[in-house]
Amino acid sequence: MKKAFRYRDGRTGGVEGRSGNTNSGSAEVRTQPSMKLHEYQAKGVFADAGIPVPDSVLASTVEEAVEAAEDIGFPVVIKAQVQVGGRGKAGGIEIVEDGESAREAAEAILGMDLKGLHVDRVLVEAAVDFTNELYVGVTMDRGEGKPVAMVSTRGGVNIEEVAAEEPGAIVREHVDAAFGLHPYQARKAVFDAGVDQDVAIDTASILTQLYELWAERDATEIEVNPLMVTADGEVIAADAVMNIDEDALFRQPELEAMEEEAAGDELEAKANEYGFDYVRLSGNTGIIGNGAGLVMTTLDLVDYYGGAPANFLDIGGGAKAERVTNALDMVFSDENVDSVVFNIFGGITRGDEVAKGINEALERFEEIPKPVVVRLAGTNAEEGMEILNTDLVTVEKTLEDAVQRAVSYAEGANQ
Amino acid sequence: MSVLVDTDTRVVVQGITGGEGKFHTAQMMEYGTNVVAGAVPGRGGQDVEGVPVYDTVHEAAREEDANASVVFVPPAFAADALFEALDSPVDLVVAITEGVPQQDMARVYRRLGETDTHLIGPNCPGLITPGVAKLGILPGNIFAEGNVGLVSRSGTLTYQVVDNLTKRGIGQTTAVGIGGDPIIGTDFVDALELFERDSETDAVVMCGEIGGEDEEEAAAFIGEHMDTPVAGFIAGRTAPPGKRMGHAGAIVSGSGTGTAESKIAALNDAGVPVGDTPNEVADHVEGFL
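Residue numbers (numbering that gives the first Met the number 0), protein chains in the order written: chain A, 0 to 414; chain B, 0 to 288.
Since the hints were made in silico from the structure, they are not lab data.
Derived DEER-like restraints, expressed as beta-carbon distance ranges:
{"id": "1", "chain 1": "A", "residue 1": "N271", "chain 2": "B", "residue 2": "P40", "range": "31 to 39 Å"}
{"id": "2", "chain 1": "A", "residue 1": "G179", "chain 2": "B", "residue 2": "G18", "range": "31 to 39 Å"}
{"id": "3", "chain 1": "B", "residue 1": "G18", "chain 2": "A", "residue 2": "A320", "range": "17 to 25 Å"}
This one's a predicted model, so the numbers in the text were calculated from it and none came from an experiment.
No residue lacks a Cβ here, since even glycine has one placed at the ideal position from N, Cα and C.
In isolation and in its complexed conformation, chain A is listed as follows:
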């Protein structure tokens, strides 16, 4: 069955403040957990692969930025290096014609707060005098289980809107993963998209290179928007998005080294350190469980019974005492939390180990900070229920009862 292909939101590009490395994480569909490279990092990878990119320098101070601008030669574009969409509209991208305005732009952008992210570096880049803006990309079509290469002459704008309003404006070429993208396929896609014959061969060759890069570097997604066509008939990648499959980082040491501490919620950073899948939400019933589907279901039930989930926390399989302790620490340290429901259905995870962990974690407190409701099922659940210290926790036998109890505790805390 053929399915429509979709894009992440907010893809824009261009030197007139429309450029944006939209690694925002919002509306991200059909991708595996991925590590998002900054624009400057992706362009470095492109350049190493022989894909043309504008001259650029990364700067972290105003002086560096001005010096870089003068070295490159005006006009230049100064671009905030943060992973969020719509940088241009938010004031994170300026095109400047001289040293004075370069200084002003760098002063304004460096240190600014861009959609909640602190800007501590800018990319100073030669502005490209373009006549045309294209879009090219490579990603995995999950529904087909195949890589797909994409080309459009509607670059420089929000490509997702193009995909929604005029799906035919984006040409998709599915790739046989055993052979890779044949050069003829790249040419076919480019010609079918209606790219001018003068630049079609160069565009196709860039698309082929991007596919190779995508495959060699274990990318989940590569996009260039816009791919600019200059008056001289050159084709150049003015923006670069490259996301790497986290499951493949073990064989991509150079890319792994580019990974930075994710800016964001303090608790989410802590979860990262502990190796939990954690998402902070706005409610007051804390949730700990094992397995994404079951934890999501627990959230849904909290909502169903009139409560509000404070978080998603998956401790994973085979959770030992230390992980249990860490999970409780995390949820307790969220000041919004008024009660906690701990829901474990053991397959690999053993109920007795979880119970020991819960006792250990709670015995350290003179007073339990927030009421904890525990429900254990599956492997060694009965042993676990016997081990649990009922002075410290409330034990419930079913998921529904456990959730309702936790919700009522949370409500009670607010009365």
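Assemble the complex: chain A is given as a structure, and chain B must be docked to it using the hints.
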């Protein structure tokens, strides 16, 4: 009857000498699974839990008539193990391994299309035909023999729903955990098709979650091709858009597709009742029987 696994299933465990492989081989055998061989390169001639180990899957198939493989091989080597299994005579491959690189899976998936082999997973709990055999890591004690088929993207959620069924005396023909990765072998439609053809399966439970479009496709298939009644459950109704919750598949797009609402609506349109709670799913199933 059952799907995929029956009394003739003879299992080779790839990666049997590793911690997980060894532990779950013992568990599978304790449940009654006929584990006839292990396959680990360089370990031929050894034995694990009394099971002879061979250097290759082909050898295990040749010497022990293995016709199904369970894969516990670490992610970096999993694709190679899967290619080996797909090239061998086994006709069912269950990949438990979590974290297989996406591009590796794209190549495996490409090869899979050239074979008649059923691949379950990767990143899945496996499958079980209660009272007969389990291939994978599911806790056998919560299942019971019966006439309900179950297919799910999530491991522990499967256990929860099965528990709700079993506690009411509703047993299962076969339960299949297909895994939550972006690229998997057997999907909802494949599993539903098998259950539809199975004469013993009188009702089916399908547990999906937010992200992707597999549930919507399954709904279309049920509407067009299934006479066996299906009850559904969708996890992730309260997940905020744009947040990834665990599984790669469990991502809600901001654009209105892949959401719990769209999946529930598609299933309802196909005549599939969707429970608000796992227990309500069991209510629906009870109503079917």
